[in-house]
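Protein sequence lines correspond, in order, to chains A and B.
Numbering follows the UniProt record's numbering, with no gaps: position 115 of the first sequence is 115.
Numbering follows the UniProt record's numbering, with no gaps: position 165 of the second sequence is 165.
It should be emphasised that the hints constitute simulated quantities derived from the structure, not laboratory data.
Keep in mind that a hint or two might mislead.
Stretches of chain B that chain A covers, calculated by requiring three or more beta carbons in the stretch to come under 8 Å of a beta carbon on chain A [to be verified]:
#: 1; stretch: 78-88
#: 2; stretch: 124-138
#: 3; stretch: 207-213
Below, in silico cross-link-like pairs of lysine-lysine (DSS-like), each with a Cα-Cα straight-line distance of 25 Å or less [stated by the list, open to error]:
#: 4; chain 1: A; residue 1: Lys-122; chain 2: B; residue 2: Lys-76
#: 5; chain 1: B; residue 1: Lys-112; chain 2: A; residue 2: Lys-355
#: 6; chain 1: A; residue 1: Lys-122; chain 2: B; residue 2: Lys-284
Beta carbons: idealized from backbone N, C-alpha and C, even for Gly.
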Amino acid sequence: MTLLSSLCRNYTKFIDGRVYILPTTCVLIQVRESHKLNPVPRLRNPTWLTKKNRVIHDEFLTQENSEFIKEVVRDQRIESDKKLEEKEILTNSIPWARNLKRTGVIAKKIGIYPLWLKNGEKITTTLLQVLDNQVIKYYSPEEYNPQIRRIGKINNKKGCLLIGAETADPTLFTKDYCNIFKETGVIPKKHLARFFVSGEGILPPGTPISAMHFQVGNAVDVRGKTMDRGFQGVMKRHGFSGMPASHGVTKTHRRGGNIGGGGEKARVWPGTKMPGHMGNRYLTIRGLKIWRINTKYNVLWVSGQGIPGETNAIVTVYDTVLPLRRPLEPIPFPTYLMKSDEDFPENIYDKEVHKFSFIIEEWVTDTVNSTKFLIIKYIKLTMFHN
Amino acid sequence: MINIISKYSLSLSTLTRTTNASKLLTNRTKTTAASNIVKKHKQDDNSKNALAEYRLIYPEFLPDPRIDFRNSVREKLERMDMISRRSQIDIPEFYVGCILAVTTSDKHNPAKNHRFVGICIQRSGCGLRANFLLRNVIDNQGVEVLYEMYDPTIIRIEVLRLEKRLDDELLYLRDAPQEYSTFDPNMEIEPHMEGAPVPINTIKVKLKPRPWLERWERKNLKGVEDLGLPERFYKRAGELATPWEKYDLMKQYMKTVPEEEQNQIFAEIQSELQNIEITRKKLKRKRTFLKPSKLA
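Hey, can you work out the whole structure from these sequences and the hints?
Here it is, written out as structure tokens:
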């Protein structure tokens, strides 16, 4: 009965406790054991994933007209800035708790250079420039479903914030793309990203997010698209050792070797490392420490040089999910709120980092986390105090 | 027409490169044919020339010319850090071939400082990664130490003898007899007149017989005596040589930072660099005043 009714849902009617099935042609295709299969994932693109760039034709505009368009764009920008200023943007922050999730930011990987620690050690850091991030929209958990549809059940209880970065000329974008920004009044941005936030972490549209969202000493996760390396062999792709160059080895210097055993395992096991396409996929590097922040250019110095993507690539930066590297002290929640009268230094350093404008005085024993180690006792002096 | 050519050759010579080969090339062109033109232009535009000289004195301020590594914000921040380090410690003007003394502080021996004297045989890296390689022979053993220029554990860098050699890298000293890279650790600073041109030491090194660490006959070395190899070595070197590359303008362009950008970079830090130079001169005078009392 239930099978029938579900199959012919549209054509069944319940009247006075009786079932009337309207005459329809109903073709049944039996799929055995179908209840054991996973539901077929249905890819549903998020609403903001529309065609972004317009095809630029020669519009044969007169110079006056093209100037007029520029003027309109300029006016729009001024107007939106004014509106956002007038708008009551979040004024007071909420006390942070460990279970709360903040938004992340869109950043640009701008290069790699070394920093030195006070114990004389050299570390390699990657510089991430936080672009002019602004909140575009909030999607509640009901509105934003994960891509695989499961009716009646929302796995992800967190809503998501759509954040845009790098203001651009709106005439370059399609109408659909510009419509995403229409409600908010923010000028269209080049890059969009969504960040899951807990209910308390919702930010009103138009809220700017700067590098001060993060604090030195805390860890972040960075997600980006790795460099495309094309089709690669096992030595480059999986770090296999290859085989000797001589000693009778013929034609198998860089090959993977055996890929399966005999007997019951006489097949290639799924997941066997083999040659194939390498790179051009998203990768998240977790638990990178922030060593330094430049508040003028909104730059974060994070440890390591393995951040995915080439220089000038766009990455997204999140608070880390690694439980042991989550912050212990309270952090600004939902984000750092800029106050016009506040005065903060241009560079904020982690307490372990050597500042270039200071010089070494002597080595002293320092106690951190109950372990003793030598650090540079250093003082700021005038030029060339030799 | 002649004017255009001469102008062009000048722009080529000023279009300096961080690459050593072209640096040498520019030096040579300056001293020879282009010298007259350069002099004329010097009178015309002094400040521009001052900027052009910075690229030889402070080569590490020029970024890596590879376009996929460039980012203006990163370069600016890096320069700011370099300047703030340079305002605390005197990193003097030096070239490959100079004899330097570097004093570092050692974490494992906090009571003492470590001083190493040697000839600079290589300079590489740019930005905060700039480094130089010093070589000396200590107890009949060749020793090389690689120093990072902006390492905070460096306490003092002294130039004991300021001079240039005929080559951009003196790595061939590793295959030369020890006397060519032996220097007295207690060597005194040799005086150098302020503003005088840096002397070029035209010494020709006689290498030891093969085997060598590298095939020096293929490196087109200037500061080396005849290598005394069989003809086939030179023949092979000739086959592998790429003499046309110096005419490859595109390659030159890709390997170098454009002149306009160089001027922009040095104009930005000019005032800071000048301040540092003034402080250095003041300190120099102080030291020279103190010394005679000790001698007497």
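The hints, checked one at a time:
{"no.": "1", "hint": "78-88", "in the structure": "holds (count 7)"}
{"no.": "2", "hint": "124-138", "in the structure": "holds (count 3)"}
{"no.": "3", "hint": "207-213", "in the structure": "violated (count 0)"}
{"no.": "4", "hint": "Lys-122/A / Lys-76/B", "in the structure": "holds, 21 Å"}
{"no.": "5", "hint": "Lys-112/B / Lys-355/A", "in the structure": "holds, 23 Å"}
{"no.": "6", "hint": "Lys-122/A / Lys-284/B", "in the structure": "violated, 31 Å"}
Hint check: violations occur at hints 3, 6; the rest are consistent with the structure.
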